[in-house]
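Make a model of the complete structure from these sequences and hints.
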Amino acid sequence: MKDGVNGVALGVFIFFFLAVTVIGFMAARWRKAENEASLDEWGLGGRSFGTWVTWFLLGGDLYTAYTFVAVPAAIYAAGAAGFFAVPYTILVYPLIFTFLPRLWSVSHKHGYVTTSDFVRGRFGSKGLSLAVAVTGILATMPYIALQLVGIQAVLDVMGVGGGENTHWFIKDLPLLIAFAVLAAYTYSSGLRAPALIAFVKDGLIYLVIAVAIIYIPIKLGGFDNIFAAAQEKFAGPPGGKPTGALAPGVNGQWGYATLALGSALALFMYPHSITATLSSRSRNVIRRNTTILPLYSLMLGLLALLGFMAIAAGVKVDNGQLAIPQLFENMFPDWFAGVAFAAIGIGALVPAAIMSIAAANLFTRNIYKDFLKPDATPAQETRVSKLVSLLVKVGALAFVLTMDKTVAINFQLLGGIWILQTMPALVGGLFTRWFHRWALLAGWAVGMVYGTAAAYGVASPTQAHFGGSSKEIPGIGEIGYIGLTAFVLNVVVTLVLTLVLNAVKAPAGTDETSPGDYTADADDLAAPGVEKELPPVTAGAPGGH
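Here the sequence shown is numbered in the numbering used here, starting from 6 and rising by one per residue.
Hints should not be assumed to be uniformly reliable.
[Said to hold, decoys possible] Simulated pairs of lysine to aspartate or glutamate, DMTMM-like, Cα-Cα distance not exceeding 25 Å: (1) 131 - 45; (2) 374 - 517; (3) 238 - 323.
Hints in this document: simulated from the structure, not taken from any laboratory.
Note that the structure is a prediction, hence the values are computed from the model and not measured.
This is how it looks when you write it as structure tokens:
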């Protein structure tokens, strides 16, 4: 590790940070709407983004600074088990191709801004809508906090903020400044700011990975040497216990597969994923994006290899989150290390902005408007959402500054377990209204309680509770992802109670949607000669389809 502040790298980092700050404030004038006082404009960019803007926005949304830091850090610490992120991002795109166009259409038709808006309209249940909204906000908060962890890792490696004995205010001042600027341009420009900045962020990340995957192996003597060094480390000392593996062992296959599948199912349940999706201008934009977004999975696979490179380069860090920034510091010229650090830093700003907007939209539409002020005007909704987006950022900042980083990571893992429990209501509701609203709410509650309790009982070498996201699957005996087990319980409870409640003719609520809403495009007209998708299954309840 180099001593002191890396002035060249810091200078390059500041240059790019100032550049995206200017872009963030200028975004307020980009595609400026006649009426800016609406959530459609501030929170969804006027629902006007085309294929490439949506692609960069979704990429900037899903592939975050934490991805840049944590995925190769997992490889660095434990080996190929950390590659689970690659198959799950491959699995997710065929899944979303089946339901995101339907969600876009019905949301465009009825002006839905959040998933909870759709759930309320589809099932006529404010209670179920509230459950989905609260889950989304809870799952998003630690995700925002982890973007701060990514920025902190970069600042630590650059030597900014002083040592551990430095006064907390001086040490955290760069982070405070970064998020004050983020809060300002997000408040001013809404979703347009991260949409524009995403072009810079993704361009930098592709550049850094392309250079790293060629330059670093050359300096380390090729991939043979890299994999040999990793194998030696994971084998452990002679006669000792292995610390990892280049390929997951037989005993780890259930955990690997269930974590990949559960993560794939959960990814587009997150509010920020849906916010970016609903900002597009047509359902065909969504379809095209599901075919080109896998390019990011290719990038992720190359990114993960950096974990092995850090081992071969002899990187030694107490905090695994510092491994990749330290690798860049050690291997790259100072000026390009600054570019790499800027890619990670900006990679935190874009998703943090989208996540805060998504959480604010959920609060405004599904708590404030539904329960506190039903007669709120569009201008009032927008004002409240702007203020809440600031509070969300402040909350995430306070979370990181006052708690251990591993706590933020564990809460993010818990957030993945939670958000998966909203899938039956959202995806199920897009294809059928057979599920009863009370059954969906009960299934959600069972999944949340089981998932939280199971995660609480997982210990790690450093923590007594919330030490991981895998545990023995009841009835099978294999170690698997807690979120997927909770999801299965959720679905079983929903199915059984739906049968019972439909049999006793319990009130099903009013569905405000119609079959044609799920296939409507921007002009509400089907293309000539194109066969419409099958409508949702009729529930037989008042207003059901």
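Checked hints:
no.	hint	verdict
1	131 - 45	holds (21 Å)
2	374 - 517	holds (18 Å)
3	238 - 323	holds (16 Å)
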